[in-house]
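Residue numbers (the UniProt record's numbering), protein chains in the order written: chain H, 1 to 304; chain E, 1 to 155.
I should point out that these hints are in silico values taken from the structure, not numbers from a laboratory. Even for Gly, the Cβ is constructed at its ideal location relative to N, Cα and C. Worth double-checking, as some hints may not be accurate.
Said to hold, decoys possible - Example chain H residues on the side facing chain E (calculated, C-beta under 7 Å, incomplete):
(1) 85
(2) 86
(3) 106
(4) 108
(5) 109
(6) 111
(7) 127
(8) 129
(9) 191
(10) 192
(11) 195
(12) 197
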Amino acid sequence: MRHDHLLSAHQLSRADVEEVLSRAAEVAADPAAFRDRHAGKLLALCFFEPSTRTKMSFDAAMKRLGGDTVDMGSVESSSVKKGESLADTVRVIEGYADGVVLRHPSEGAATMAAEFVDVPLVNAGDGAGQHPTQTLLDLYTIRETHGLDDLTIGVMGDLKYGRTVHSLSTVLTNFDARQHFISPESLRLPRGVRFDLHEAGAQVREHTDLDEVLPELDVLYVTRIQRERFPDENEYHTVAGQYRIDAETLEAAKDDLTVMHPLPRVDEIAPEVDDTDHARYFEQAHNGVPVRMALLDLLLEEGE
Amino acid sequence: MSDTDKQLRVSKIRNGTVIDHVTGGQALNVLAILGIDGAGGESVSIGMNVPSDRLGRKDVVKVEDRELSQSEVDVLSLIAPEATINIVRDYEVVEKLRVERPERVTGLLTCPNRNCISNANEPVDSRFDVVDDGVRCGYCGTIVRDDIADHLSVS
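Please construct the entire structure, taking both the sequences and the accompanying hints into account.
As structure tokens, then:
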């Protein structure tokens, strides 16, 4: 990786992705070989929003590399509560650690924070913006199941606010992928993301109905439609119900369709799908550790 | 309309800058972008919605005793892409500039995305990259196309 930080999926070239995924495969094949790679190093976990999977998998990844983590704790218990700016917070924290992982509710937070620190900074989600490390583990999962070329992927759910979708669709433009976006009209991809896809010459189609495209798909990436996006409870239930999949829905799919989800899910994938060969979302979540180990290994060795 | 009529509306200046062919109605935004609010003591004349062969209606701004540089006027391209700049010395036009789209504008616009970090209380200026048909926030990626003047942070 030639980057000091990982802030946005826009930074990730095909070569960058392949480098991280290859390193992740090495980690997965022989975790013991990486056990002491970063002994004595500290990674700061700065999560201004709740997180389970991302935070714990970064924590596990750093510890499995022989390093350790220091955790800012919740916003309620930190100096942020006293009105400290994010810029000041990260400037202080970089003095405590060899790298910073940042999740923040504002779009662009990681990009701004990186202007104030010299240690590697990783964006672990910025509002409705980007979530590039989720994308790396998504791509790792796709590569393990289907491969990253000659891919037809459907991305369904909340495409407007879903940062995992924004990052994934951006990076997929570097691969031979046909991207179908399935959502209610009100939750279409934002203009900025559509602009990028258009600029990149991506093969993109938008749909409101999964049935139109399901039989073609190699991968179906489902995201959660959040209740708070709808002013009216009834409208939420009507819309969310149209973007829910169960075993019956999947009868129209290819036998080897891979179903993914960044999790947490609520009820957009029926539990009965878990027992089918399509379901890869738990494996996808587990891949977070080797992929984040690989990313941290590459970023921290750059700084040596 | 004769030249005399035009002179009556906006008189000639001896030294300074004439910004002509400004999109009708944008003259005050031009002054805001240039940071000219009268506090510096400059004499400023404005013609608004003056008939124009090229634009139908145009604004004209004349600023005395101040010569604007290319980099100062380039940001005007976002709201007045047809603007022409005449540098005047002793009543003669000594230099004509056209506004060119800059690659990036800093501190000039406010991101319309209220959740963008550039709108939080952080020690950074807004930053927009100029793209084909608009500008794009360098922090959150939001694109502004048709209504750029509505997002001026200086007005």
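Going through the hints against the structure:
1. Using the Cβ-Cβ criterion of 7 Å, the hint placing residue 85/H at the interface with chain E is satisfied: the shortest such distance is roughly 5 Å.
2. Evaluation of the residue 86/H hint against chain E yields a held restraint, the C-beta minimum of about 6 Å falling below 7 Å.
3. Annotation: interface hint on residue 106/H holds; nearest CB of chain E at approximately 4 Å, less than 7 Å.
4. About 3 Å separates the beta-carbon of residue 108/H from the nearest beta-carbon of chain E, less than 7 Å, and the hint is met.
5. Given hint, residue 109/H at the interface with chain E, holds; its Cβ is 5 Å from that chain's nearest Cβ, closer than 7 Å.
6. A hinted interface residue such as residue 111/H counts as satisfied when its beta carbon comes closer than 7 Å to some beta carbon of chain E; here the least separation is about 5 Å, so the hint holds.
7. For residue 127/H, the suggested interface contact is upheld, since its CB lies about 5 Å from the closest CB of chain E, less than 7 Å.
8. This hint holds: residue 129/H has a C-beta 6 Å from the nearest C-beta of chain E, less than the 7 Å allowed.
9. Interface hint at residue 191/H: satisfied, since its Cβ lies 5 Å from the closest Cβ of chain E, which is below the 7 Å cut-off.
10. Restraint check, residue 192/H versus chain E: the minimum CB separation of about 4 Å is within 7 Å; hint holds.
11. Taking 7 Å as the C-beta cut-off, the interface hint given for residue 195/H holds, the closest approach to chain E being about 6 Å.
12. Evaluation of the residue 197/H hint against chain E yields a violated restraint, the C-beta minimum of about 13 Å exceeding 7 Å.
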